[in-house]
Amino acid sequence: MDIEITERGNSRILHISGEIDMYSSPILRDKIMSLIKKKIPIILIDLKEVSYMDSSGIATFVEGLKSLRAYNGRMRFYNMPREIMEIFRFARLDKIFEIYKSFEDAISK
Amino acid sequence: MVNTVFLKIPSHPKFLSVVRVVTMKVCSLYSFEERLIEELKHAVDEACSNVIKYAYDSDHTKDIVIKYEFTKDRFIVVIEDKGKKSDLSMIKGRSLENVKPGGLGIHFIKKVFDIYKFDKRKRKGNRLVLIRNLESKDILEG
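Sequences listed follow chains E and W, in order. Once you know that position 69 of the first sequence is 69 in this note's numbering, the rest is easy, because the numbers rise by one and skip nothing. Take any residue in the second sequence, note its place counting from 1, add 109, and you have its number in this note's numbering.
Derived by calculation from the structure, the hints in this document are not laboratory data. Be careful, since some hints might not be right.
[Unchecked claim] Here are the simulated EDC-like pairs of lysine to aspartate or glutamate, each with C-alpha atoms no more than 20 Å apart in a straight line:
hint : chain 1 : residue 1 : chain 2 : residue 2
1    : W       : K181      : W       : D247
2    : W       : K220      : E       : E63
3    : W       : K193      : W       : D172
4    : E       : K48       : E       : E7
5    : W       : K219      : E       : E98
6    : W       : K134      : E       : D94
7    : W       : K219      : W       : D172
8    : W       : K233      : W       : D168
9    : W       : K220      : E       : D30
10   : E       : K48       : E       : E83
11   : E       : K39       : E       : E83
12   : E       : K101      : E       : D30
13   : W       : K162      : E       : E19
14   : E       : K37       : E       : E4
15   : E       : K48       : E       : D2
16   : W       : K134      : E       : E19
17   : W       : K123      : W       : D168
18   : E       : K95       : E       : D105
19   : E       : K39       : E       : E19
20   : E       : K38       : E       : E86
21   : E       : K48       : E       : E98
22   : W       : K134      : W       : D228
23   : W       : K123      : E       : D2
24   : W       : K219      : E       : E86
25   : W       : K191      : W       : E250
26   : W       : K220      : E       : D94
27   : W       : K123      : E       : D30
28   : E       : K109      : E       : E7
29   : W       : K123      : E       : E19
30   : W       : K220      : W       : D166
31   : E       : K66       : E       : E104
32   : E       : K31       : E       : E63
33   : W       : K162      : W       : E142
34   : E       : K101      : E       : E49
35   : W       : K162      : E       : D105
36   : W       : K123      : W       : D182
[Stated by the list, open to error] Covered stretches of chain E (chain W as the covering partner; in silico rule of three or more C-beta atoms under 8 Å from a C-beta of chain W):
hint : region
37   : 14-22
38   : 34-46
39   : 70-79
Quick reminder that beta carbons are idealized off the backbone N, C-alpha and C, glycines included.
Construct all of the structure, not just a fragment, from the sequences and the given hints.
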């Protein structure tokens with residue numbers, strides 16, 4: 001898994017590629033938590049290049065979302081592949097997370 | 110007809126990618142439907158993650174043995190470890206409605222496997238048996 005972080009105004013965008021599993025999710029957690037520590041208001045997650053996500057990856061995002069809510073921060077997903085969307089739906093997370101089709105949709109809300 | 114494949118990996122999370130690749134490959138050799146392969150790959154990955162987390166308490170120096178068995182109408186995965194006995198209450202998972210970190214892995218396993226059980230005859234460690242009853246829609250024609 002690789003993560004590239006870019007800036008757009010007061011938002012930070014995590015472009016993630018590869019597989020998010022028990023091995024890689026601690027790295028993802030560190031990246032997200034370092035942004036939360038800085039109280040970044042909006043974290044955008046680009047999942048276009050993510051080919052796999054297991055329950056540890058989901059747990060990482062749920063934990064991040066809960067921490068963000070403590071200061072009214074937002075986490076927004078976009079470019080979510082069909083396989084990952086199915087996992088989110090199955091885990092009832094499509095109702096909890098903000099999921100957008102494209103970067104333009106996610107940034108303009 | 111019975112065909113069996115064995116895989117032995119160290120109990121380190123970096124080898125979970127090997128489990129996923131092998132699971133996909135053996136399932137595609139038997140012409141399993143694409144979405145079913147995805148779900149089986151995910152389920153076996155989650156089961157091995159549970160071994161590392163619970164049976165081995167994240168000790169990465171142990172072994173996990175995975176056996177894939179294909180019969181005419183069943184796909185059987187047996188996952189063996191030499192760790193502490195798994196406490197089913199620890200891995201029963203959370204309610205899907207109760208959104209919090211963790212507790213989802215077992216749901217992904219039970220979503221695709223019809224049978225999920227520990228073989229009580231195994232004295233030391235755990236032997237998890239996962240069985241998928243195959244239907245015609247699970248196999249691609251040709």
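Hints and how they fare:
no., hint, result
1, W:K181 <-> W:D247, "holds (12 Å)"
2, W:K220 <-> E:E63, "violated (24 Å)"
3, W:K193 <-> W:D172, "holds (13 Å)"
4, E:K48 <-> E:E7, "holds (18 Å)"
5, W:K219 <-> E:E98, "violated (27 Å)"
6, W:K134 <-> E:D94, "violated (30 Å)"
7, W:K219 <-> W:D172, "violated (24 Å)"
8, W:K233 <-> W:D168, "holds (17 Å)"
9, W:K220 <-> E:D30, "violated (30 Å)"
10, E:K48 <-> E:E83, "holds (11 Å)"
11, E:K39 <-> E:E83, "violated (31 Å)"
12, E:K101 <-> E:D30, "violated (26 Å)"
13, W:K162 <-> E:E19, "holds (19 Å)"
14, E:K37 <-> E:E4, "holds (18 Å)"
15, E:K48 <-> E:D2, "holds (12 Å)"
16, W:K134 <-> E:E19, "holds (17 Å)"
17, W:K123 <-> W:D168, "holds (13 Å)"
18, E:K95 <-> E:D105, "holds (17 Å)"
19, E:K39 <-> E:E19, "violated (27 Å)"
20, E:K38 <-> E:E86, "violated (32 Å)"
21, E:K48 <-> E:E98, "holds (16 Å)"
22, W:K134 <-> W:D228, "violated (26 Å)"
23, W:K123 <-> E:D2, "holds (15 Å)"
24, W:K219 <-> E:E86, "holds (15 Å)"
25, W:K191 <-> W:E250, "violated (40 Å)"
26, W:K220 <-> E:D94, "holds (18 Å)"
27, W:K123 <-> E:D30, "holds (18 Å)"
28, E:K109 <-> E:E7, "holds (17 Å)"
29, W:K123 <-> E:E19, "holds (11 Å)"
30, W:K220 <-> W:D166, "violated (25 Å)"
31, E:K66 <-> E:E104, "violated (25 Å)"
32, E:K31 <-> E:E63, "holds (13 Å)"
33, W:K162 <-> W:E142, "violated (30 Å)"
34, E:K101 <-> E:E49, "holds (14 Å)"
35, W:K162 <-> E:D105, "violated (38 Å)"
36, W:K123 <-> W:D182, "violated (32 Å)"
37, 14-22, "holds (count 3)"
38, 34-46, "violated (count 0)"
39, 70-79, "violated (count 0)"
Taken one by one, the earlier hints fail for this structure at numbers 2, 5, 6, 7, 9, 11, 12, 19, 20, 22, 25, 30, 31, 33, 35, 36, 38, 39, listed in ascending order.
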